[in-house]
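Novice: Each chain, written out:
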Amino acid sequence: MSGEVDLRVDIAGIKMKNPVMTASGTYGFGLDYLQYYDVNELGAVVVKSITKNRREGNPPPRVIETPAGVLNSIGLANPGIDCFIEEIIPQMDIVQVPIIVSIAGDEIEEYVELASRLDKQDRVSALEINISCPNVEKGGLEFSTSAEQVEELTSSVRKATNLPIIVKLSPNVTDIVEIAQAAAAGGADALSLINTVLGMVIDIHKRRPMLGNKKGGLAGPAIRPIAVRMVWEVSQAVEIPVIGMGGICTAEDALQFIMAGASAVAVGTWNFVNPTAPVDIINGLRDFCLKEGIKEIKDLIGCAWK
Amino acid sequence: MKLKAEIVEHTRKGHYFLLSLYAPEIARVAEAGQFVNIRCANTLDPLLRRPFSFYSIDRDTGMIKILYEVKGRGTEILSGYQEGDFLDIMGPLGRGISVPEKGSQVILVGGGVGSAPMAALAEKLYNHDIKEICVLLGASTRDRLIPFEVFQSLGLEISAATEDGSMGYKGFVTDLLLENIERFSREKCLVYACGPKGMLRATAKICNQRKVRCIVLMDAFMACGVGACQSCVHKVRKEKGEETYVRVCTEGPHFDAREVVWE
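Each protein sequence line maps, in turn, to chains A and B. Position 84, counted from 1, in the first sequence is what the numbering used here calls 84; the numbers after and before it change by one each time, with no gaps. Position 178, counted from 1, in the second sequence is what the numbering used here calls 178; the numbers after and before it change by one each time, with no gaps.
Hint data in this document are derived by calculation from the structure and do not stem from the laboratory. Certain hints may be false.
Pairs of lysine-lysine, BS3-like flavour, derived with a Cα cap of 27 Å [claimed, not checked]:
1) B:Lys13 x B:Lys188
2) B:Lys188 x B:Lys131
3) A:Lys52 x B:Lys71
4) B:Lys235 x A:Lys52
5) B:Lys4 x B:Lys102
6) A:Lys215 x B:Lys71
7) B:Lys102 x B:Lys235
8) B:Lys211 x B:Lys131
9) A:Lys214 x B:Lys71
10) A:Lys206 x B:Lys188
11) B:Lys188 x B:Lys205
12) A:Lys52 x B:Lys240
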């Protein structure tokens, strides 16, 4: 049956057998969910953001459950690029599908250094530039809110690597289209959107913000309509492909993003609730296409525009 | 693994609920100290699963039991399920507690609903020939002490403390620990503790002063339970003295108390 539907997509030269990937920060380094399904069923794996130096991350509590969502402030906890290259990439041997490495930094130079080091790694298929982590002091959000800075950062990274570059955009901006166009102008091969929506929860008994870092990023189904709207706007305004994410739980959710213009989708928070969600979604996409007589999933990309 | 487990029994035990699930695949491999992540609602709100440590694991019958307290919306919804209903559970998660060397003398210290994993641990130790086990249970009041039945069925020595004096000693369970620890051999004694942070901290301090080894089982708000999300971290001190965050779900939930940084 599966032969009847072609789920393949090509994102900036990354050949994926289906459009479903994992969202950075929700899937570790692709090794935490091995007992639940074969990781090689995925279209691609996006690993947790890597920074130049090891980062301990923010003080707990790092996550608060909110209505249909999760407010988190992990703070880019990661082992750093040296450990990633020397210890983690070898462990990721089991992952045969494209590996997309998310990188984050405080300065443009840090992104450039990370990109040039990862450029030499055979197992890395693409870089996702995380310019939009809301939970770190420097960099992150500062980059993501200025079109000029996004273009400068993207073009600097562009010069440092031949790998496809995916820029992950923040929804915490006045005009996401302007930022998306700046990334495209800087040489991005694709865009990922959206990162988390800035938020806060107050503990009324302590009369203080609940999160250790006070503010955090809202993720999960609560932000899905925001994400779909942004994918819709951005994908029509740029020539490069868009990877859609934000509260995707089911194949129906994924289809909304695809029809809004996403060429691929990523599952994030929902991995925590349903660890087999990515494969359930792949199967659901195939079933939908079969039922609707769609031969290639590509035909559905942006079909809601008309 | 992730599976649907049938509720075989769901009853009130004082302030708590005892949930018995038929999950032979999990029971076969689960160890005391580990936990399951239960999806309490089939809706998007509340969104996340809730972690519960094993209260009992029976490989022969395929039954696992958890003892929980209704604390928020997730557990409130969970308490409404009936016998015959099925629950979506993930597990076993976390590291199990291994059996200490033969001849060890064990003190189990439990506070409130945190005492639940001590029942599974007592059974495991007893079945592995560690029979010298002293059980110390504390709670704010009588109906918040966990049931004694598991410990009683093993014939273990049990002492209880309640803050209001409604049962047993009036005061903290750590007072009982202070009183009891003196009669144990420094070399052979091993303390396991689970409960509120303040209780764990006080237990760790007492053990440290007595130079008795202490293992604490930590609780944390979790999202994934498998190590991916980095939400449930707690600060520990490594051998060289540097402090680092570790994940309670995968690197714990039990830690050597000397490593834990109490903030």
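Novice: Would you mind marking each hint as holding or not holding in the structure?
Specialist: Hint-by-hint comparison with the structure:
1. B:Lys13 x B:Lys188: violated (34 Å)
2. B:Lys188 x B:Lys131: holds (13 Å)
3. A:Lys52 x B:Lys71: Given pair A:Lys52, B:Lys71 is violated - Cα atoms ~41 Å apart, limit 27 Å.
4. B:Lys235 x A:Lys52: holds (22 Å)
5. B:Lys4 x B:Lys102: violated (38 Å)
6. A:Lys215 x B:Lys71: holds (25 Å)
7. B:Lys102 x B:Lys235: violated (31 Å)
8. B:Lys211 x B:Lys131: holds (22 Å)
9. A:Lys214 x B:Lys71: Satisfied, since the Cα-Cα distance of roughly 23 Å is no more than 27 Å.
10. A:Lys206 x B:Lys188: Since the Cα atoms of A:Lys206 and B:Lys188 sit roughly 43 Å apart, the hinted pair is violated (cutoff 27 Å).
11. B:Lys188 x B:Lys205: It holds: about 18 Å lies between the C-alpha atoms, which stays within 27 Å.
12. A:Lys52 x B:Lys240: holds (23 Å)
In terms of the numbered hints stated before, the structure departs from hints 1, 3, 5, 7 and 10, listed from lowest to highest.
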